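According to this note's numbering, the sequence shown is numbered sequentially starting from 1.
The set of hints was computed from the structure by calculation and includes no laboratory data.
Remember, it's a predicted structure, so these values are computed and weren't measured experimentally.
Hints are supplied without guarantee of correctness; some may be wrong.
In silico DMTMM-like cross-links for lysine to aspartate or glutamate, where the CA-CA straight-line distance does not exceed 25 Å [said to hold, decoys possible]:
#1 Lys-93 x Glu-219
#2 Lys-333 x Asp-486
#3 Lys-16 x Glu-206
#4 Lys-270 x Asp-484
#5 Lys-16 x Glu-253
#6 Lys-438 x Glu-253
#7 Lys-438 x Glu-426
#8 Lys-485 x Glu-471
#9 Lys-495 x Glu-219
#10 Lys-92 x Glu-47
#11 Lys-270 x Asp-486
#12 Lys-60 x Glu-206
#13 Lys-93 x Asp-215
#14 Lys-485 x Glu-498
#15 Lys-92 x Asp-48
#16 Lys-252 x Glu-426
#17 Lys-16 x Glu-219
#18 Lys-92 x Asp-217
#19 Lys-270 x Asp-234
#20 Lys-270 x Glu-498
#21 Lys-16 x Asp-54
#22 Lys-270 x Glu-426
#23 Lys-93 x Glu-206
#24 Lys-438 x Glu-242
#25 Lys-333 x Glu-498
#26 Lys-333 x Glu-471
#27 Lys-252 x Asp-87
#28 Lys-60 x Asp-87
#29 Lys-333 x Asp-484
#30 Lys-252 x Glu-471
#31 Lys-495 x Asp-215
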Amino acid sequence: MTHQISKNEPFFGTGKRLTFWITFACSVDMLMFGYDQAVFSGVIVTEDFLVLHDLVGPEKTTLLSTITAIYDIGCFFGAILAFTLGDRLGRKKSIILGTTIMSIGAILMASSFSLGQMFAGRIILGIGNGINTATAPIWQTETSPAHWRGKLVMFEMMMNIVGFSLCNWINYGLSYAGGAVAWRFPLAFQFVFIIALFATVPWLPESPRWLLYHDRDTEALEVLACLEGKSSDDAFVVTQQEEIRYSVQYEKEHQIRWRDLLKSQPGGTKPLRRLLLGAGTQLIQQFEGVFLIKKPMLINAVGLSNELARLLTAVNSVTYLIFSCVSIPLVEKWGRRGLMLLSTAGQGLAFLVITVLLRYGSPPDGSQNAAKASIVFFFLYYIAFGIGMLGVPWLYPTEINSIAMRTKGAAVSTATNWLTNFIIVEITPIGIQNLGWKFWIVFTVFNAAFLPVIYFLYPETANRTLEDLDEYYRNNPPLIVTGDKDAICSKRPLKYVEREQTHLRRVNGATDGGVASHEKGHIGSNEHIEATDV
């Protein structure tokens, strides 16, 4: 067999090396996302920024909240833009476009001398980030082996927390510096990530699934071979291309338009159900209360000083990062369902205890010690969130949707994240001001209510190829998934393994003994015959 991979071998190499560089680019994208989540919280408490932009005084509080929240609106429209342009441009070009837009926003923000300029920068930065966060997980998913897909996307979300933590420590350190550098430097620091993306993404391969969907079969085969580190005539590579082509052809024959989502199509793959399941993970994530555990909430609910709240936020980000690492080895072993259930249960418990402690720690008669004790459970909440609900809602929509709906599904899910985040941002200050400790009951109930939703409605996607999931939905499964063991187990069901073996026999044209030897060398034991999902 020839060892030549392709006349168009990628600049960054092949096989695991190529997967590493794709993961690097996607991780930098998510690292920047995490950084941008934290950067403005340090900017808006800097005296030089407030004076320069005429935001000093209690009468400016609403305007300050608006300039903070407008970023979420930009991200929402960026996600919408991702599904209108994403299928035409492809994964690579979409990320390049998003990064270019973000660079414009970052320049406007770091050089701002007026409120209008800062508003424009925040919106533009959000649009670029919305495009990138809707695209990067898809690109990673469509170029990763099935048994690594979940780990790599969860790793990207861990890098999101690296960015979040890095920014919190930069904000904390520069809070003692004063002057313009205390807020201009953190905003300009975004260019470290932007340069890294421009230095890698243009030289990495496009998604082979996107290429096949657009009838660029030769390019797709070359990319598949490069990702596998094999020749383009390797039986395993050819089998993967055939399986993807079959799914692509099936989707084209059952082409989905937005208005078709509400119609039942014979032989369809349940696009509306899959779209709602994917977007539902993002809605669940936000309504399980992650925004509540932010620095302003600590100050208002617990009564901490501003300096102590800054320090605890930075320390918490490190704890958050450490426990987000736990999800990487567990996401395939315990599955997406298992991590979501564990995470939601832990968050609900944390909220329950926080509610009780704030009840007995609320002024005027409450114990300050009880209120401060609740800080421990703020940390516990982030530990539980980092283990599951941090990363799975970004991974699940890229897996559960069919190839025809994957860009739309991921974009709708990302837009759902930003829209629900904006809602929570708006209602939380009002809720805490008017309800006090009782407001925390709402999110305790939400966490409890989402447990049966996840358990009964969400099928497992771990250790399946994306084509396995298409086949599952072609068989018209019931809405309640718990009656089908294959739908909820974390290991790859045997029926999909057998289908793949049949494909390999046909492509290889070998005897059963030869095929068994080939499969042992390429796929592994029957515990995880984890077909490479590229």
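Lys-93 paired with Asp-215 [C-alpha distance capped at 25 Å] = At roughly 18 Å apart (the allowed maximum being 25 Å), Asp-215 and Lys-93 satisfy the hint.
Lys-16 paired with Asp-54 [C-alpha distance capped at 25 Å]: Given pair Lys-16, Asp-54 is violated - Cα atoms ~52 Å apart, limit 25 Å.
For this session: Below or equal to 25 Å on CA atoms is what counts here, so check Lys-16 against Glu-253.
Result: 34 Å, violated
| request: Would you check the hint for Lys-333 and Asp-486, treating anything up to 25 Å between C-alpha atoms as holding? | output: Holds, at roughly 15 Å.
- Item | Restraint status (C-alpha distance of Lys-438 to Glu-426 at most 25 Å) | 17 Å, holds
* Sort out whether Glu-471 lies within 25 Å of Lys-252, counting only the CA atoms. => 15 Å, holds
>> Holds or violated: Lys-333 and Asp-484, Cα atoms, limit 25 Å.
In response: Between Lys-333 and Asp-484 the Cα gap is close to 19 Å, so the pair holds against 25 Å.
Verify the proposed pairing of Lys-60 with Glu-206, using a straight-line Cα cut of 25 Å. 47 Å, violated
(Q) Between the alpha carbons of Lys-92 and Asp-48, is the straight-line distance 25 Å or under? (A) Not OK: Lys-92 and Asp-48 at ~39 Å, beyond 25 Å, violated.
Exercise. Given the hint that Lys-270 pairs with Glu-426, test it: the Cα-Cα distance must not exceed 25 Å.
Key: 34 Å, violated
Straight-line alpha-carbon gap Lys-438 to Glu-253, limit 25 Å: Between Lys-438 and Glu-253 the Cα gap is close to 53 Å, so the pair fails against 25 Å, i.e. violated.
For the pair we were handed, Lys-270 and Glu-498, check the Cα-Cα distance against 25 Å. At roughly 24 Å apart (the allowed maximum being 25 Å), Glu-498 and Lys-270 satisfy the hint.
Checked against the numbered hints above, the structure breaks hints 5, 6, 9, 10, 12, 15, 16, 19, 21, 22, 24, 28, 31 and satisfies the rest.
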